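Peer 1: If you're matching them up, the sequences are chains V and Z in order. Residue numbering for the first sequence follows this note's numbering, starting at 1 and increasing by one per position. Residue numbering for the second sequence follows this note's numbering, starting at 1 and increasing by one per position.
FYI, nobody ran anything at the bench for these hints, they're computed from the structure. Owing to the predicted nature of the structure, the values given are computational and were not obtained by experimental measurement. Hints may contain errors.
Derived coverage of chain Z by chain V (criterion: at least 3 residues anywhere in the stretch with Cβ under 8 Å from a Cβ of chain V; other residues may be distant) [unchecked claim]:
1. 79-90
2. 154-163
3. 231-243
4. 250-258
Here are the simulated DSS-like cross-link-like pairs (lysine-lysine), alpha carbons at most 27 Å apart as the crow flies [stated by the list, open to error]:
5. K185/Z to K132/V
6. K132/Z to K258/V
7. K89/Z to K165/Z
8. K89/Z to K270/V
9. K27/V to K134/V
Note that the Cβ used here is the ideal one computed from N, Cα and C, for glycine as well.
2 protein chains.
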Amino acid sequence: MKIAVDAMGGDHAPDEIVRGALLYREKGGPSDLVLVGREDPIRKLLGAEIPPGITVRAAKDVVGMDEHPATALRRRADTSIGVATAMVKHGEADAVVSAGNTGATMAAALLVLGRIRGIDRPALCGMLPTTKGKPACLLDAGATMDADEHNILQFARMASRFMEKIHGIDRPSVGLINVGEEPEKGGRMQLAAHALLEGAEDLNFYGNIEGRDVTRGITDICVTDGFTGNVLAKGMEGVVDVFVEGIRRDIFGGPLGKVAGLIALGGIAKFRSRMDYDPYVSAPLLGVAGISVVTHGRARANMMRRAIEVAERAVSTRLLDALGEGVASAA
Amino acid sequence: MKIAVDAMGGDHAPDEIVRGALLYREKGGPSDLVLVGREDPIRKLLGAEIPPGITVRAAKDVVGMDEHPATALRRRADTSIGVATAMVKHGEADAVVSAGNTGATMAAALLVLGRIRGIDRPALCGMLPTTKGKPACLLDAGATMDADEHNILQFARMASRFMEKIHGIDRPSVGLINVGEEPEKGGRMQLAAHALLEGAEDLNFYGNIEGRDVTRGITDICVTDGFTGNVLAKGMEGVVDVFVEGIRRDIFGGPLGKVAGLIALGGIAKFRSRMDYDPYVSAPLLGVAGISVVTHGRARANMMRRAIEVAERAVSTRLLDALGEGVASAA
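Go ahead and model the full structure; you've got the sequences and the hints to work with.
Peer 2: In structure tokens, the structure reads:
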């Protein structure tokens, strides 16, 4: 198996991306990796002797984290994400992994790979830690605005296959994000989506869930339209930032706080490890005709290694076929 | 001025509600208060000698926190929120305040008081702490599903008057919640709302903001439809719960953690006070033809006292007139 890694994408690229690739191989990862990006810095990071199973593919350009993705991809043919995605299209790689601009990864996947036949709109998974100690899959986290109830049904089906294949969850439960638990809650779209989900016998539909149920891990999958999902995921991230900053500055910041921090080190580590989503934050874009794994822009080496593992599992479990068949046979 | 207080609404009713009313008066609050609810427990809590400025109005029933609001109100004529809201309708009180079932407060307001002429749909404010140390007004937090761009424009106008009158903010800034900052982001409704907000010269429109910008305090007002607002507010609350639990149990839970907690007491207090939204969490329902202030179900005495103060300010600053005039003259 060969996996193309966008070496230039993410806040800590290329350093942590290259380190992540090396880590993946050191830990015995079986896939060959192709690091795509600017040759000089990548080769410098790899050192004089490049370990076996790692090669470099030159791409001069990068799509910046704040750039308009589609425009950047159309204007510049030689971006790392564009080249890496094209490798999948041309059978030179089995999957692509990127910590870069999510919009660019998505745009590249849609432009270059296209959609899976029978799937109308793509969806982005946001994988979140929950108080139950297992991750929840929030989708769509921003791929499809104005999703209708039929899109939502397809999202739920795709996410079910994804959670089965990649996270080994049998009959993952699906919750429809809504403003209350009762079936009659929500707007027109939610009412229609509730009816469709309830009627889908191939799904393990739980019913409506509320915004706060996502972190409670009430269901394995939390499905909503891409607008709501994106706003919700970013809103929750904003609260995390507030607390992390508050814990760091207010609670453990002053001289006394520093002492308290030393004493509480074990507890802080415990909390951190419970919130650690490195192993599962990465997920393939669902609905595109190829494996394109998106990971967090903040990814460091370990998260990159895990993202490569997700790509590997998606290929080896034949996730793409399952997505196509699952949705087509149900329809 | 006379304010009706729903003594039976909220997780800590009637104890903390009655204590809040007493606190309001003790601190020199000028308004007369009418505690509405079951007479026996209320009178017991008030003690043998009821302080001047406080009276009791009997209402036998309560709408439970998990009851279907409209159904409960229609079936039982003698609920505390129903009676308290009717007092406003009949001029026996200038405002009503409740920590009870928000849906019931809203339903009572709409059924009994109706809407302000010219305002098509009501909106609920969610008042949130921000890292800037000032509150942000998130609306609509769940009153109106399927809001269209015209509703959004009215929400922005109502919230602007509210933030001016109640929180003394001059020309409050308005952000439209979206999936990115660029004007072309979002779904159909957001595109249309952006155009309307940008064209409204009476508003201080900032532009699009993202989910994480709410807690960053980028704008004074964060406007969205009631579905997104509700999911976002509850999602953020869910993350708060995760952190509060994690700080309590993981970090300061064990024997060493307890020692650390004692040493960090000052810092913990600092962080708490920065997150303390007692003073501003309460807000009137915007768009209904009477002052009906909603506060958090978790309200204790101090939050109730502050909620009564918000009601008092809404009446004394003639918020209702401003809402009606502001929206009508702009239209």
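Peer 1: Hints first: check each against the structure and report whether it holds.
Peer 2: How the hints compare with the structure:
1. 79-90: Coverage by chain V is violated here, the residue count being 0 at a Cβ distance below 8 Å.
2. 154-163: violated (count 0)
3. 231-243: Since three or more residues must qualify, the claim that chain V covers the segment 231-243 of chain Z holds, with 13 doing so at under 8 Å.
4. 250-258: holds (count 7)
5. K185/Z to K132/V: Between K185/Z and K132/V the Cα gap is close to 35 Å, so the pair fails against 27 Å, i.e. violated.
6. K132/Z to K258/V: holds, 24 Å
7. K89/Z to K165/Z: holds, 22 Å
8. K89/Z to K270/V: violated, 55 Å
9. K27/V to K134/V: holds, 23 Å
Consistency with the previously given hints fails for numbers 1, 2, 5 and 8, ordered from lowest to highest.
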